[in-house]
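Colleague: The listed protein sequences derive, respectively, from chains A and B.
Sequential numbering from 1 applies to the first sequence in my numbering.
Sequential numbering from 1001 applies to the second sequence in my numbering.
It is worth saying that the hints were derived from the structure and are not from the lab.
You may find that some hints are simply not true.
[Unchecked claim] Using 35 Å as the maximum straight-line C-alpha spacing, the simulated DSBU-like pairs for lysine-lysine come out as follows:
#1 A:K130 to A:K24
#2 B:K1130 to A:K206
#3 A:K76 to A:K3
#4 A:K206 to A:K24
#5 A:K218 to B:K1135
#6 A:K3 to A:K58
#7 A:K206 to B:K1135
#8 A:K45 to A:K24
#9 A:K218 to B:K1130
#10 A:K125 to B:K1211
#11 A:K24 to A:K218
#12 A:K77 to A:K218
#13 A:K24 to A:K125
#14 B:K1211 to A:K130
#15 A:K206 to A:K93
#16 B:K1211 to A:K24
#17 A:K93 to A:K134
#18 A:K125 to A:K58
#19 B:K1211 to A:K134
#20 A:K76 to A:K218
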Amino acid sequence: MAKVVLITGGSRGIGAATARLCAKNGYDVAISYQSNAAAAAAVVKDIAAAGRRGFAFKGNVAREAEILALFDAVEKKLGPVWGLVNNAGITGKIGRVEDVSAATIQEVIDVNVVGALIAAREAIKRMSTKRGGKGGVIVNISSVAVTLGSPNTYVWYAAAKGAVDAMTLGLGLEVAREGIRVVGVAPGLTETELHAAGGIPDRAQKLGNQVPIGRAGKPEEIAEAILWMLSDAAGYCTATTLRVGGGR
Amino acid sequence: MSAVTGAPVVLVTGASRGIGAATARMAAARGYDVAVNYVANAEAAARVVGEIEALGRKAVAIQGDVGREADIVAMFAAVDRAFGRIDALVNNAGAAGRIGRVENVSGEMVRNVMDVNVTGALLCAREAVKRMSTKRGGTGGVIVNISSGAATTGSPENYVWYAASKAALDAITLGLGLEVAREGIRVVGVQAGVTDTDIHAAVGAPGRPQKMADRIPIGRPAEPEEMAECILWLMSDAARYCTATTLRAGGGL
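Take these sequences, add in the hints, and give me the full structure.
Modeller: Structure representation (structure tokens):
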């Protein structure tokens, strides 16, 4: 039986690249997506083309009920989740704190923090060796924004990802002896549609030259780090976050 | 690629034992030719070289004390002679002194630890950059600095000086990584956790990994091979967007 990896927000960007790379590396892959059914279907098709089982589930990780339904559906379709990639994330519109609405902040926290924590809870229930599970790995997608703070861009997103890093640390320590590793990957500027959603579609291209390495990252380059963190080769890495920012 | 064998070439300092030896072996298994630096244990270095040759790769043992600039310069000259190039440097050689409190430490011991872990690593990196930098006609490369979880725990009652040296090394990873980011060179670090090597016997605490197991969140010390896996991944093309950063591999510590 192949191990099952669930990737939230798996229809596009880093999530989709991770889903495809997971399939190539022998995992069965479930993705959740919020709205883009066509993109999700394309990812599932690529998973099947790689000879693995794929499954897409429409659901918003900001809603607890939908996360519960997601885990149940994945379990029914592919079997218990062995790997969880907490990838679904939003930034809200780019701007300054003085202009941000409470609704935007709340939405960003709901998706990036509360959603990730609830998804992790559901994963642990299934993975923990204390509960009869076979262990597993949780990869939280963070951001270099945590240490940059993202002034004039999205301080609230930086704050949310800071919370995610604290969760990687605390939860990682909490379940370290239950066969579960909890790790983070903090991407830098990456060529995804996240920037369009933030209101600046060509942000990655525009800012690429300011990155020490001289360019924005590709989703596939972030996926490589996630796949390594999922693998047994990273067996001694837990409760820590790897920065993949090209020096940023 | 080596002009002689067509393989990429890695220099691992302190490669006769522990994490260095595991890294040298794993690098060979993944297609690298390996320069095996050692300071004192020629027999152990020869054994590592033999294991690499058994894997069908080229290896040379190079004696040299990373605490001495002249030895470092000679070591890189030996790499040049043996392989004609260098694609990766693993700054692994490290000294910790004897376990104890700061109030009892000698100036000589602190200097020795800094000479090897900081000055030596920086000078090795300098020699590597000279050869790798695309600005100097090189073809790029990767430098992996072996740090320690001590860099953030501070290691009170054990070896604060060692912790300080590894924090300095992390600063080198950051600063040098940014300095050469556009010259085809990545500089990355691995903060190793408590690993089952003979460094613990050397500092006067044999059996320390096992004794500490219960204080490590994951419940056990690391095997040298687990650190080597981290190093090899960071050296690989899969990590091409990782630079100027350090991966913690501490089992939660």
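Colleague: Take the hints in turn and mark each one as holding or not.
Modeller: How the hints compare with the structure:
For the given pair, K130 (chain A) sits about 31 Å from K24 (chain A) by alpha-carbon distance, which is consistent with the 35 Å threshold. Distance restraint check for K1130 (chain B) and K206 (chain A): the Cα-Cα separation of roughly 32 Å lies within the 35 Å cut-off, and the hinted pair is therefore satisfied. About 14 Å separates the Cα atoms of K76 (chain A) and K3 (chain A), which keeps this hinted pair within 35 Å; it holds. A threshold of 35 Å between alpha carbons decides the hint, and for K206 (chain A) with K24 (chain A) the separation of about 32 Å falls inside it, so the pair holds.
With a C-alpha separation of about 25 Å, the suggested pair K218 (chain A) and K1135 (chain B) falls inside the 35 Å cut-off, and the hint holds. Straight-line distance between C-alpha atoms of K3 (chain A) and K58 (chain A) comes to about 22 Å, which keeps the hinted pair within the 35 Å bound. For a cut-off of 35 Å, the pair hint linking K206 (chain A) to K1135 (chain B) stands: about 25 Å separates their Cα positions. About 13 Å separates the Cα atoms of K45 (chain A) and K24 (chain A), which keeps this hinted pair within 35 Å; it holds.
Proposed proximity of K218 (chain A) and K1130 (chain B) is supported: the alpha carbons are some 29 Å apart, at most 35 Å. For the given pair, K125 (chain A) sits about 31 Å from K1211 (chain B) by alpha-carbon distance, which is consistent with the 35 Å threshold. Taking the CA atoms of K24 (chain A) and K218 (chain A), the gap is about 18 Å. The hint holds against a cut of 35 Å. A hinted pair counts as satisfied when its Cα atoms are at most 35 Å apart, and K77 (chain A) with K218 (chain A) qualifies at roughly 31 Å.
Restraint check for K24 (chain A) and K125 (chain A): satisfied, since their Cα atoms lie roughly 27 Å apart, inside the 35 Å limit. A distance of roughly 25 Å separates the Cα atoms of K1211 (chain B) and K130 (chain A); the hinted pair therefore holds under the 35 Å criterion. A distance of roughly 17 Å separates the Cα atoms of K206 (chain A) and K93 (chain A); the hinted pair therefore holds under the 35 Å criterion. Restraint check for K1211 (chain B) and K24 (chain A): the C-alpha separation of about 41 Å exceeds 35 Å, so the hint is violated.
For the hint pairing K93 (chain A) with K134 (chain A), the CA-to-CA distance comes to about 41 Å; that exceeds 35 Å, so the pair is violated. For the hint linking K125 (chain A) to K58 (chain A), the alpha-carbon distance of about 22 Å falls within 35 Å, and the restraint holds. Taking the CA atoms of K1211 (chain B) and K134 (chain A), the gap is near 27 Å; set against the 35 Å cutoff, the hint holds. Using a Cα cut-off of 35 Å, the hinted pair K76 (chain A) and K218 (chain A) holds, with the two alpha carbons roughly 33 Å apart.
When each numbered hint is compared with the structure, violations occur for hints 16, 17.
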